[in-house]
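Dock chain to chain to rebuild the complex, using the hints, since each chain is given by itself in its own frame.
In case you want the letters, here they are:
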Amino acid sequence: MGAVVGTLTMQTKQRRPSRDKADDDLEMTMVCHRPEGLDQLEALTNFNKRELQVLYRGFKNECPSGVVNEETFKQIYSQFFPHGDASTYAHYLFNAFDTAQSGSIKFEDFVTALSTLLRGSITEKLQWTFNLYDINRDGYINKEEMTDIVRAIYDMMGKYTYPVLKNDAPKQHVDAFFQKMDKNRDGVVTLDEFILSCQEDENIMRSLQLFENVI
Amino acid sequence: MAAGVATWLPFARAAAVGWLPLAKKTMPKPPVDNSSRSDEILYVNVSGVRFQTWKNTLDRYPDTLLGSSEKEFFYNEDTQEYFFDRDPEMFRHILNFYRTGKLHYPRHECIQAFDEELAFYGIVPEIIGDCCMEEYRDRKKENQERLAEDTEANEAMDAPLPPHSTPRERLWRAFENPHTSTMALVFYYVTGFFIAVSVIANVVETVPCRPLKGSVKDLPCGEKYQLAFFCMDTACVLIFTFEYLMRLFAAPSRCKFMRSVMSVIDVVAIMPYYIGLVMPENEDVSGAFVTLRVFRVFRIFKFSRHSQGLRILGYTLKSCASELGFLLFSLTMAIIIFATVMFYAEKGTKGSTFTSIPASFWYTIVTMTTLGYGDMVPNTIAGKIFGSICSLSGVLVIALPVPVIVSNFSRIYHQNQRADKMRAQQKVRLARIRMAKKGTTNAFLQYKEDRALGDRDSDSTALCVKNRSAFEHQHHHLLHCLEKTTNHEFTDEMTYSELCMTESVGFRTSRSTSLSSQQGAQNNSTGCCPRRARRRAAMRLANSTVSVSRGSVQELDTLHMKITAIPPQTRSSLNAQLEDLKLNCGEQDFSAAIISIPTPPANTPEESLPPSPAPIPGILRNTRATAYTHDKIKVSSL
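Residue numbers (our numbering), protein chains in the order written: chain A, 39 to 253; chain B, 2 to 639.
Since the hints were made in silico from the structure, they are not lab data. Only a predicted model underlies this, so the values are computations on that prediction, with no experimental measurement involved. We treat Cβ as the ideally placed atom computed from N, Cα and C, and that holds for glycine. Treat the hints with care, since some could be wrong.
Some but not every residue of chain B turned toward chain A, in silico, with C-beta under 8 Å [what the hints assert, rightly or not]:
#: 1; residue: Glu117
#: 2; residue: Glu170
#: 3; residue: Leu479
#: 4; residue: Leu483
In isolation and in its complexed conformation, chain B is listed as follows (with noise of 0.2 Å):
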């Protein structure tokens, strides 16, 4: 049923009276309406700002959250309100769907956050208003391709390594991506530099040198230094045939690659110089030989692996196809109409240039493309009316697809730029991640350790000092818990390496603390790698006290943390430590967030709450709603 509709049905009802007269059996009975018919005015909180409305207004739409019972499940008894957390700016627009039944998209306002608050308030997005969908529908495409387009990015570049790849995908790898290791940066370079210094020697090769002794002639270059030229040149096809043969061996699909644009290029660029070796010196033959030295020119296409630029002409032209197409069409065409009427006008004129169709191709095209060599022009006034009809139109013809392919390369351009961007990012994110995940590691550990002195102190106030939420509590429970049932412990990479390398000796005998025990054992450890030694100690001063992993943790951007109290309510055998904390510490603080990995679309860090530290997911977030005293609410901005 659509929208809306709900308000109308007592006016439906009422014009089935018209039926009574014509009926022919007694009508049945109306249902029983239980609920109560008068209006009333709620109260809908959202994240601080009230708005008032109609009970009817809201049930409009039962099909949505505030038109159905779904809202019942954010109604607060205290203060008889519904309160939503949720972006009181965006609810206003909401809200006003319901009063007049139109939805529109407020234009400052990003579309994956307006789109979410629709999805959360169960709107459909369809329903927007015609005056805001065509702009809706714009940005909400534009934002999924470049997503898409991010995404194929991430992707197709710096993927890791798998950790199990043949020499063959390493090969293959360095030659797609030269800036993972250093002998590909190296070969890059250098294959580079032969495709250059090929280019420069062909065209070298062709300027007048000074001539011979004993001769008059000007002499091309190539001719008097033929050796070295010919060395060199051998020396170029010797390390490009060895490049593509080596391409060809790692390519993981043969035919592929040799169907590939680069490949053929390759291939163009070596064989004429194969060709030439093969081929007798006889002089009949050498004619079509100096044709096929031509082909050598191809050799700059190769430049095209190594500059993004050319690779984003290309890439260009490619995408433009048919406005490429219309454009050389509609060239022919008028090139043909224009040449004929040319040649016809022209006709007559005695020693006109104008000698037949074709011939006029040449005048047409040079003066449609606004040249005008001068070399054929029309003699007779009606050949100059046409000859200018036609200049005037090919201004035209040639400037209409011109825009939308600049366009297509600026656009290309631009995402190209931000592929870049983006990737440069990624990285500092990712590394801001890792150290989260390591902060949330060590926090851990040092719960650990927390609790091994507590067991033998039994001193609560130690327990004080290392500030910890209730959050943070339960999840190491869990984790404790995960300990238990694999037998396993928890370490960090450190000593992991550390107990790697001494497991045959079997120094190891107590575990209280991965951090303090480091001391021992330090003999055999700095065998393979002192570095390590050196971060070992980094670690240890780090993991001294707990503010270093707030510390680090400050360090991380775009971060929610968030802190509620433990609920009055719950009891449990692990909170009633825990409320001791809370009356023995006055401030309380954070030390470590769980940071969700961010997926390419949603790149948000998100954190949610357990209450329950069984293994099963408490995708819970203690509510706001309820008044609690030590909320603290931190958010480090960008």
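Extracted from the complex, chain A is given alone in its bound form (with noise of 0.2 Å):
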């Protein structure tokens, strides 16, 4: 009976679990940056002041913290292609614009890589993509770097694809783009010798001017 008395008495109020680890995470606030002024982002970039507007209210409304951390870079650009598996390429991408290895991207990071990508010279856009494939940024690109970068861009095509996808399409591909590319056949490519061959490729320089215009 007294166990019944009890039941009656009872407060419906939830009982709070004491971890107070929690209130530790909710003092960890979130990482606020804000990017320097319009007027000096446009001096550093290739973009105008109504571009660098319509950029920046992208960037902010998928990032209000001001910055991208790798997860978010890989989340925005899986939902691109969604047959395959974009997310080593994500994080390739992801190191290639964070410069200073922070670990997470800055609004100027992302600008100043899009300028060099949409509105820089020749040279700099090679030059952007030589980094890009250098994963350990010791200015060589030797056949593991490649094949990884190649292998993740194939994974993004997925698996249902015509002519069905070979085990070592990714190792013909590297081989080929090796042929072209190492001039003096040491095994590696430097940036002088991409940027060369680069630029003996037509193909390849007409396709480079094909995103000039996009924004």
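Next up, the structure:
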């Protein structure tokens, strides 16, 4: 009977479990980063004010804290390639954007990279691409790095392709690439070799112009 | 620097005049202030609701969005105002913060939405005023817990089987989640049945049956039908042993499994039988053997694998360990006190039942729990007084920890209910996402088909029939670039499986459409799956018009679909084609949307608009501030 009385007098307030760690998490609020002024950014990049505004609004919507971390980056990028797995390539892209290797991309990094890629000179674009391929940033692209990149690209295609994706397709692709790029046949591609070989190739030159006026 | 201090700076500087007489050296020159000091009214337009405030008000907190130069990114030159595409209701609170210096939390708002707004405007939640801080923290903690529990529940159950799992892993998974395969389900029900049979047999064994012929005494059924009961017991124990050994074999970590509660229960349930087998049939030991049979009742605990409610009960008791401990401790204290008192109060009486303090324990317990058997009753007046005090205090001591235990049980039970509902919802949601993904793929394949047709016919009006948004075109261009890079093309699942089979035969020569050329080479495709032929036919019908992807998209709930017209300043060879499209097509329509896989915390699908089809993430959304005439936003409700 005592138990019955106890139940009847029970409060309905939920019991709060004592987890003090959660308090600490609440204290550690978001890292907020504010970009440099509009004028400075306009001077730094090849965009005008309006374009920067458009870019920033989109950026801010996706990442209100002002920085993108790798997870969010991968998620955003994967949305465009629902067929396959874009996370590996997104990882390499993230490292290329994150020039300071800080683990997060600020708006300035983002916009400078976009400026190079969309409005930069041919050499700048090629330089950026070389940086993307050179995973360990040692100034040389070797076969392993290239294979990783190419495999990541092929992963984005997904499973259902025509012709059916074979396991050694990336490797063949890399061999063809090295055939073209590695002039002195030393097994690595340097920046100069890269730029030189690309300039010789008509297709590459033409496609670099393709994304000029994308904004 | 704390927020709001900026407004006090002029005061502090003026107060520095007091140092001047005391200074030994001359003061440094003040900094030149170039910015205009006159105050002006700023217009802030939040989704159409216009707010006006002084510039100074916003400058009070320079480390927030509105107080810093970051707001210049949102300045609209044409309308001379700052435009934010956010919730105007929430903005009211944000602006009040600037005005009054105190941030309040609106109770009717969702905590996550509020947090997002705060993050956007760069305001740290810590400055919420005391009046609302408690509520805010409570709700935030509750929300976080709920999300954490949900993710745990999601991960624990129903994780799809990894593609290369050994039979051992599959077996373990079958044991843990019986509803994953039919065999597991059958096994689950069979073991349940045998547990019930075993328990009932144990119970019926002791019921007195009619005596044997030629005997007077009533016999328990166990002894009358000894053989029958023995056989039943053997069968049950065999099944339990088999089950236990299988679980032991399949367990990923055998030591951990052997230490777990369920395994201990299993062992205790079957041990008595084996001990009984090996023990000799002599009279001395059989007494101990009878005691061992008591442990057979533990088989009933095996039901906890089958019953969710039992598990919840067990989990509740475990989580309330501290309350139970407290209850036990206080009860023990009270029992000892009252037993001692009663013993000494009743010591003198003749024929008193209170023979010793331990004997009084029984009286105290019976009285405190308000049972009152009446086998021990105080006779002296002092005894009666203390007896009544004992009874009253018993009610109090027991009533205190019980509500805590009950509320814990309620919380865990509801959490469990919610987990089940979430799982069901998740299945539906995943199904929708799969459909949406397929819609995207089909849209892209349709686009390729159109390009192929377009190359041949060069008839732009044909393109007009397939109404597609600029976003879609650019996205498809991006996918097309990827195809060209890798020299492989995207197909859908059906064609892929066909290709796998017909590759050696080399049936396909032209790859113009995956859909219309399915008429050919049907012969050997029905080999393994006649079902596939049916699905393919359905796909053909489905993909013949773009309208179906529209239909499939309209089925999808909680989707935002947005079109914006192409801004007039973009010009690329690609967009020129689209502009023709715009001129010819009167009405824009949408056929597919990019949907993100919802990550558990953020379950809303998003879509973003890349203006650049380059293989770089253009995370952009064309703002609605600039006037686009063909904007259409459709939101399907849940």
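The hints, checked one at a time:
no. : hint   : verdict
1   : Glu117 : holds (7 Å)
2   : Glu170 : violated (23 Å)
3   : Leu479 : holds (6 Å)
4   : Leu483 : holds (6 Å)
Hint compliance for this structure: hint 2 is the single one not met.
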